[in-house]
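Engineer: Order-wise, the sequence lines are chains A and B.
Heads up: the first sequence begins at 110 in this note's numbering, then just goes up one per residue.
Heads up: the second sequence begins at 2 in this note's numbering, then just goes up one per residue.
Treat the hints with care, since some could be wrong.
Stated by the list, open to error - Dumping the calculated DSBU-like pairs for lysine-lysine here, alpha-carbon to alpha-carbon at most 35 Å:
| no. | chain 1 | residue 1 | chain 2 | residue 2 |
| --- | --- | --- | --- | --- |
| 1 | B | Lys138 | A | Lys226 |
| 2 | B | Lys148 | B | Lys22 |
| 3 | B | Lys133 | B | Lys237 |
| 4 | B | Lys11 | B | Lys56 |
| 5 | B | Lys171 | B | Lys193 |
| 6 | B | Lys11 | B | Lys87 |
| 7 | B | Lys171 | B | Lys56 |
| 8 | B | Lys193 | B | Lys56 |
| 9 | B | Lys40 | A | Lys226 |
| 10 | A | Lys120 | A | Lys226 |
| 11 | A | Lys120 | B | Lys27 |
| 12 | A | Lys226 | B | Lys133 |
| 13 | B | Lys233 | B | Lys171 |
| 14 | B | Lys171 | A | Lys226 |
| 15 | A | Lys253 | B | Lys87 |
| 16 | B | Lys11 | A | Lys226 |
| 17 | B | Lys171 | B | Lys87 |
| 18 | B | Lys193 | B | Lys40 |
| 19 | A | Lys120 | B | Lys56 |
| 20 | B | Lys222 | B | Lys237 |
| 21 | A | Lys226 | B | Lys193 |
| 22 | B | Lys193 | B | Lys138 |
| 23 | A | Lys226 | B | Lys87 |
| 24 | B | Lys40 | A | Lys120 |
| 25 | B | Lys133 | B | Lys222 |
| 26 | B | Lys148 | B | Lys27 |
| 27 | A | Lys120 | B | Lys11 |
As the list claims (entries may be wrong) - Which stretches of chain A does chain B cover? Using the computed rule of at least three CB atoms under 8 Å from a CB of chain B, they are:
| no. | stretch |
| --- | --- |
| 28 | 125 to 136 |
| 29 | 173 to 181 |
Treat the hints as calculated values from the structure; they're not laboratory data.
The beta-carbon is built from N, C-alpha and C at its ideal position, and this holds for glycine as well.
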Amino acid sequence: MPVVAMTVNGKPASADVEARMLLVQFIREQLGLTGTHVGCDTSQCGACVVHVDGRAVKSCTMLATQAEGAEILTIEGLAPDGDLHPVQKAFREHHGLQCGFCTPGMIMTAVDMIRRKPDLDEETVREELEGNICRCTGYHNIVKAILAASQEMR
Amino acid sequence: MYQFNYERPKSLADAEALLAKADDPKLLAGGQTLIPTLKQRLAMPSDVIDIGGLKELDFIRAEGDAIMIGAATKHATVANSADVRKHNPALAALAGGIGDPAVRHMGTLGGSIANNDPAADYPAACLALDAKIHTTKRLIEADEFFKGMFETALQDGEIIREVTFPHPEKAAYMKFRNPASRYAMVGVFVSKGPWGIRVAVTGAGQNGVFRVSEMEEALAKNWSPDAVANVKLPAKGMNADLHGSAEYRAHLVTVMAKRAVAAAG
Ligand SMILES: Cc1cc2nc3c(=O)[nH]c(=O)nc-3n(C[C@H](O)[C@H](O)[C@H](O)COP(=O)(O)OP(=O)(O)OC[C@H]3O[C@@H](n4cnc5c(N)ncnc54)[C@H](O)[C@@H]3O)c2cc1C
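So that you can see chain A by itself, here it is in the shape it has in the complex (with noise of 0.2 Å):
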């Protein structure tokens, strides 16, 4: 079996893995971050998104293997000290979630964004939320937060 090493929210995390693992399960089961979820499992709905190298992918669409060497931030990595980091803030104060299922995805997805459009107007938001599903809220809270955490962050 493979061996991969990669770091994960900052700490070096490695084991043996079957090549078929996908990165989601090595970090939820081999490393027992369950703060990413897994929700359609067929690369849609955004639930598994994290940071591999800075930028959002869909964990549940790539193995393990392939992040070999790459430093990968989790929902559980965004605010280590305890403090909610600022979309995780205006999720809150913004009623941006109700089940909570989507919300690690959406908010990596979120942040992800921000990095790349500091200007973001509600269109863009929409439009960059594309590949992140959420069954609540009718989006309209999300849309809300991220805008409100763009604003504050810049």
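Given chain A, work out where chain B with the ligand should sit, using these hints.
Structural biologist: Below, chain B with the ligand without anything else, positioned relative to chain A:
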């Protein structure tokens, strides 16, 4: 997923050697098509050879009258490239409209055209822009490359290295997205360049991407949306599924062609 061996070659030459040696190998680039396929157990390769990280396949170069893009260049890189935006804004916009941000962070040009999904975007750009597809074995003209649904001229052991896109004088791509998958229900790429005028359609045809010579001739006489407005395609040979009938797709081709010519200016 079935079991497979995973290989990560350090160079294109190593990748070729691994391909030649393995029983039933499959290349992996961004994995945005192959991994879902493996998960559904629709493929059972003995070896997965990961060329996604090969630096020698990840580049964008503007030289002379063309842009060369390495096969492992990601959609997001093409969309954001200053060179592509300057010389071929229609291509940059096309890449920026593929799937969603996470898909664009992984998916590659080479993977998209090798896969030749009948609803994929890049095949329309290649065909409409008279692109040259360079492989480890030869040069293939876009006109000769796309052979039908999920079929290309690629042979076993052949790897796409780069695609050359000559600069167009005018070009635009208009895509009517499937609202769920973001793939093209119908996408039309129109262009004017040293190759003349081309109109390429994706999403609509049962055999994948195709050119519409009647529209090309009409635009040669009169480059305006009106010129294509009266060119109607037959429903025969069009895709039909729960998202739209063959008649609907045939109709959309004309609508998208008109919009594309208008956008190309
Ligand atoms: C949610 C979602 C939405 C999407 N929406 C769109 C869309 O709107 N429009 C669109 O066009 N596409 C869309 N795609 C597909 C996406 O663009 C894929 O990235 C692309 O089709 C395949 O590229 P890849 O690099 O991921 O290839 P992989 O999945 O790694 O490989 C695909 C195939 O190409 C072969 N291959 C890869 N590289 C080479 C090479 N250099 N030489 C020879 N063969 C090679 C592989 O062996 C495999 O058979 C979507 C995908 C997802 C998951």
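Engineer: Hint by hint, say whether it matches the structure.
Structural biologist: Tested hints:
1. Restraint check for lysine 138 of chain B and lysine 226 of chain A: not satisfied, since their Cα atoms lie roughly 41 Å apart, outside the 35 Å limit.
2. Of the pairs offered as hints, the one joining lysine 148 of chain B and lysine 22 of chain B holds, with about 27 Å between alpha carbons and a cut-off of 35 Å not exceeded.
3. For the hint linking lysine 133 of chain B to lysine 237 of chain B, the alpha-carbon distance of about 30 Å falls within 35 Å, and the restraint holds.
4. This hinted pair checks out: lysine 11 of chain B and lysine 56 of chain B have alpha carbons roughly 9 Å apart, not beyond 35 Å.
5. Using a Cα cut-off of 35 Å, the hinted pair lysine 171 of chain B and lysine 193 of chain B holds, with the two alpha carbons roughly 5 Å apart.
6. Restraint check: the Cα-Cα separation between lysine 11 of chain B and lysine 87 of chain B comes to about 32 Å, which is no more than 35 Å; the hinted pair holds.
7. For a cut-off of 35 Å, the pair hint linking lysine 171 of chain B to lysine 56 of chain B stands: about 31 Å separates their Cα positions.
8. A C-alpha spacing of about 33 Å is found between lysine 193 of chain B and lysine 56 of chain B, which places the hinted pair at or below 35 Å, so the restraint holds.
9. Restraint check for lysine 40 of chain B and lysine 226 of chain A: the C-alpha separation of about 33 Å stays at or below 35 Å, so the hint holds.
10. Pair hint lysine 120 of chain A plus lysine 226 of chain A holds up; C-alpha atoms about 28 Å apart against a cutoff of 35 Å.
11. Taking the CA atoms of lysine 120 of chain A and lysine 27 of chain B, the gap is near 33 Å; set against the 35 Å cutoff, the hint holds.
12. A distance of roughly 33 Å separates the Cα atoms of lysine 226 of chain A and lysine 133 of chain B; the hinted pair therefore holds under the 35 Å criterion.
13. In summary, the hint linking lysine 233 of chain B to lysine 171 of chain B is supported, as the alpha carbons are separated by about 23 Å, within the 35 Å threshold.
14. Between lysine 171 of chain B and lysine 226 of chain A the CA atoms are separated by roughly 28 Å; this keeps the pair inside 35 Å, and the hint holds.
15. Our distance criterion of 35 Å between C-alpha atoms is met by lysine 253 of chain A and lysine 87 of chain B, whose separation comes to about 34 Å.
16. Straight-line distance between C-alpha atoms of lysine 11 of chain B and lysine 226 of chain A comes to about 34 Å, which keeps the hinted pair within the 35 Å bound.
17. A hinted pair counts as satisfied when its Cα atoms are at most 35 Å apart, and lysine 171 of chain B with lysine 87 of chain B qualifies at roughly 12 Å.
18. Between lysine 193 of chain B and lysine 40 of chain B the alpha-carbon distance is near 41 Å, which puts this suggested pair outside the 35 Å criterion.
19. At roughly 26 Å between alpha-carbon atoms, lysine 120 of chain A and lysine 56 of chain B fall within 35 Å of each other, so this suggested pair holds.
20. Between the alpha carbons of lysine 222 of chain B and lysine 237 of chain B the distance comes to roughly 27 Å, so the proposed pair stays at or under 35 Å and holds.
21. Between the alpha carbons of lysine 226 of chain A and lysine 193 of chain B the distance comes to roughly 32 Å, so the proposed pair stays at or under 35 Å and holds.
22. The hinted pair formed by lysine 193 of chain B and lysine 138 of chain B meets the criterion: a straight-line CA distance of about 30 Å does not exceed 35 Å.
23. Our distance criterion of 35 Å between C-alpha atoms is met by lysine 226 of chain A and lysine 87 of chain B, whose separation comes to about 20 Å.
24. A C-alpha spacing of about 29 Å is found between lysine 40 of chain B and lysine 120 of chain A, which places the hinted pair at or below 35 Å, so the restraint holds.
25. Between lysine 133 of chain B and lysine 222 of chain B, the direct Cα distance comes to roughly 27 Å. Compliance with the 35 Å bound is thereby established for this hinted pair.
26. Between lysine 148 of chain B and lysine 27 of chain B, the direct Cα distance comes to roughly 19 Å. Compliance with the 35 Å bound is thereby established for this hinted pair.
27. Restraint check for lysine 120 of chain A and lysine 11 of chain B: the C-alpha separation of about 26 Å stays at or below 35 Å, so the hint holds.
28. Counting residues of the stretch 125 to 136 of chain A whose CB lies closer than 8 Å to any CB of chain B gives 4, which reaches the minimum of 3, so the coverage claim holds.
29. With 3 residues having a Cβ less than 8 Å from any Cβ of chain B, the stretch 173 to 181 of chain A passes the three-residue criterion, so the hint holds.
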